[in-house]
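Number of protein chains: 4
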Amino acid sequence: MRVTVWNEFIHERNNKTVEAIYPRGIHATLAAQLGERLPEAEIGTATLQEAEHGLPAAVLDATDVLLWWGHLAHHKVADEVVERVYQRVMQGMGLLVLHSAHLSKIFTRLMGTTCNLRWREADDRELVWTVNPGHAIARGVSQPIEIPAHEMYGEYFDIPQPDELVFISSFSGGEVFRSGCCFKRGKGRIFYFSPGHETYPVYEQSAVCDVLANAVGWVYQPRVSPIETGESPNVAVDWWR
Amino acid sequence: MRVTVWNEFIHERNNKTVEAIYPRGIHATLAAQLGERLPEAEIGTATLQEAEHGLPAAVLDATDVLLWWGHLAHHKVADEVVERVYQRVMQGMGLLVLHSAHLSKIFTRLMGTTCNLRWREADDRELVWTVNPGHAIARGVSQPIEIPAHEMYGEYFDIPQPDELVFISSFSGGEVFRSGCCFKRGKGRIFYFSPGHETYPVYEQSAVCDVLANAVGWVYQPRVSPIETGESPNVAVDWWR
Amino acid sequence: MRVTVWNEFIHERNNKTVEAIYPRGIHATLAAQLGERLPEAEIGTATLQEAEHGLPAAVLDATDVLLWWGHLAHHKVADEVVERVYQRVMQGMGLLVLHSAHLSKIFTRLMGTTCNLRWREADDRELVWTVNPGHAIARGVSQPIEIPAHEMYGEYFDIPQPDELVFISSFSGGEVFRSGCCFKRGKGRIFYFSPGHETYPVYEQSAVCDVLANAVGWVYQPRVSPIETGESPNVAVDWWR
Amino acid sequence: MRVTVWNEFIHERNNKTVEAIYPRGIHATLAAQLGERLPEAEIGTATLQEAEHGLPAAVLDATDVLLWWGHLAHHKVADEVVERVYQRVMQGMGLLVLHSAHLSKIFTRLMGTTCNLRWREADDRELVWTVNPGHAIARGVSQPIEIPAHEMYGEYFDIPQPDELVFISSFSGGEVFRSGCCFKRGKGRIFYFSPGHETYPVYEQSAVCDVLANAVGWVYQPRVSPIETGESPNVAVDWWR
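Note that the protein sequences, when read in sequence, are chains A, B, C and D.
Residue numbers for the first sequence follow my numbering, so the first one is 147 and each next one is one higher.
Residue numbers for the second sequence follow my numbering, so the first one is 147 and each next one is one higher.
Residue numbers for the third sequence follow my numbering, so the first one is 147 and each next one is one higher.
Residue numbers for the fourth sequence follow my numbering, so the first one is 147 and each next one is one higher.
If you're looking for bench data, these hints aren't it; they were derived computationally from the structure.
Fair warning: this is a prediction, and the values are worked out from it, not measured in the lab.
Among the clues, some could well be false.
Given that identical chains are not distinguished, each listed pair holds provided it fits within a single copy or across any two copies.
Taking lysine to any residue and the SDA-like style, the derived pairs with C-alpha atoms no more than 25 Å apart in a straight line are [claimed, not checked]: (1) 162 with 380; (2) 222 with 377; (3) 251 with 189; (4) 162 with 193; (5) 251 with 351; (6) 251 with 229; (7) 251 with 381.
Go ahead and model the full structure; you've got the sequences and the hints to work with.
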């Protein structure tokens, strides 16, 4: 299993608070956390600043699961790279979309909706509840996961009804949020997981990283369906023989 | 549209608090609230104490939408009556399951799961959030609906994934709950709505009753599909001609 | 209820076979069929050739339900018009996507997938089977609907899993197709219905048009949720009061 | 992974045709086919005729995945055994329901619907099409799977909308059927797969058995969620700490 962690990597260099939490970048922390939990995986990283944002075709072709963290610079991600990621998802690559990446180009394109939500930065306590205990992403997860202080993300979250809803969060202010959502698009699997605001050490929490590792396992497909999906062919009778 | 409101009608006669809120019974209040909002509907009531619990075949045959409120006496509802209600749902009658009726015989039979949940009577504030604004039951509903004090119902709520999830609630204690859930079973439609604990005047809240009226409208089918579903027939080739 | 039927209106002017079936255009036939079944609706038409394709803001603002038939000229539909239609769907307008419009800009954008499929023009018999008899679109529909000769559309159809699957078709060649699919996106409802190839008189079949009328009724929302979805607002605690 | 294949084992002893295909019983063939494909699994069998139908508590407690084939004798399965299987599914055991077991006590209880369908024994050719190529059960499955002659099972199949629909079949007579359906109930996963009529050598087809092996893998959960679901506890504030 080959995993690539993508991060826009801006907050960590511009903001002392964030730098203190993630001195080498959110991507480095995520890669380390996943590495501990998925010893068999090859884990690489890529950032906005690299050539082709670190996602040339050769890298994506060798990626089974892509994590995506972005916030300030969604509009700076080149459409060509977004298209490349999109095509890989259609062909079966797994995609893990994190926190503020709900407004990333790749996520909104895959969802077909605005993906808007309500938010507040006020140190709300977030509790993450499991509503699908038979799902692979909930495996071994005690409920609730408590995030002592976090940005609030609240409904209405303008996404399609998830194919499977795994987690719902509450916040001190009383809001709720569908915080763990599974989608299948094309031959690919997508998991959106909302915890991970940059000014809180969320990706240092063990339970959060356990969910991320489970999610990598779920979006990953060791062998993809052989069905061709890339065009609309004109077929004869008994074409499959 | 012919609506029947069923209530076990025990708390209101045994508990002064409940009697003060619903002097003529929860069923009478619900019938009155729906009557104001659905002037074209014929609305009747039925209770556990009546012969056949007020639901003989003649009544059910003339019922398009059945509301069900029960708590203490699920086990006292005769299996024969449950079977009759079940058959009507299979044939297209709408069913609105309220609050503690999550453990009623009819609901657990239709769901096929335990329908267990966590609960607490501690005057939690409940906020009911819309997560499906394109659904008919969310029509005109501002979010959130605030119930100043209510019994807490929390996840994990052991139901099948709803066909459509309309509302999610939060509680002061931090719990969340899938409080408005749509299911289709057989030719019938079912809506589970959790607000309505007997010791709080929840069914006197206008916004709650607006949801109930919307829900009656959604589970109601003016004309049911003609497809036969009551048996597994052996059919010839071109049987439909 | 205000309905607008959009048609690219090319085949009918370039192909004698199609002209013979739909002398005034598919849009005119659809408008007439719906008019018979929905006497209370105001029904208008619009075509590719008109200014702004007949869909200026004033027309869309006054449209509750839009039907879309296109095939040869998806790429000629101006992005600005597609954006306008998209925004209206997000705000609650109903959209009925017909046959070859599975590859239209508006449908692929809303789905987030390629929407590819397999096809064959060989006079296959199509049978349309109901798999959701409690759905409003299946109301009164006998199964199967038999289309004596039609273009084959076959799986895999690259769409997200429909929120509700209403019809599945079979074809003489043995293929199957999810021919009636419901989606909710933003506050809008979308129904994709595959029957309607231009060289066969499909929209002259009564049972097909009954489905279309049911579908217009289902995607139509007389009153849309008041919840704001157009942005991601920063909200204070208790912002809703 | 511990797999138990349950079979009523009647046809094979009463019918020469069936005996010729499955001389040691359908259960033995299934166990052998799965054994070839899942070398790490421990595979046992159980039949109706054994004490407690071969499913005493000790066997079920040591079963991660149960396959169920039944037809003539659904009513002879003891309610006590059905209850035991049901409780294990609620707690996370996987269940694979095969062909005519759509009317078994365990399946209809889990579904909450009649599970009726249409059928015909007339050597129809069945084609099994994939409609969910990103699903683990479709892994490596070419489409369509062709079953040269089989009993026809047709819609309307009276089940809840599957959580995930993986396969749809067509038959020579023109019928369609949702032949591969995923459900989650409680903490357990259920897959219904319709191929497998006793008078045809369906479980000797490699592609069919590949699907069964994939399905065993999908319903299997190596580690189940720790969330308690067996009761409705009264909980204090901050009960989870």
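Hint check:
no. : hint         : verdict
1   : 162 with 380 : between (58 Å within a copy, 23 Å between copies)
2   : 222 with 377 : between (30 Å within a copy, 20 Å between copies)
3   : 251 with 189 : within (23 Å within a copy, 37 Å between copies)
4   : 162 with 193 : within (19 Å within a copy, 57 Å between copies)
5   : 251 with 351 : neither (28 Å within a copy, 42 Å between copies)
6   : 251 with 229 : both (10 Å within a copy, 16 Å between copies)
7   : 251 with 381 : between (34 Å within a copy, 24 Å between copies)
Checked against the numbered hints above, the structure breaks only hint 5 and satisfies the rest.
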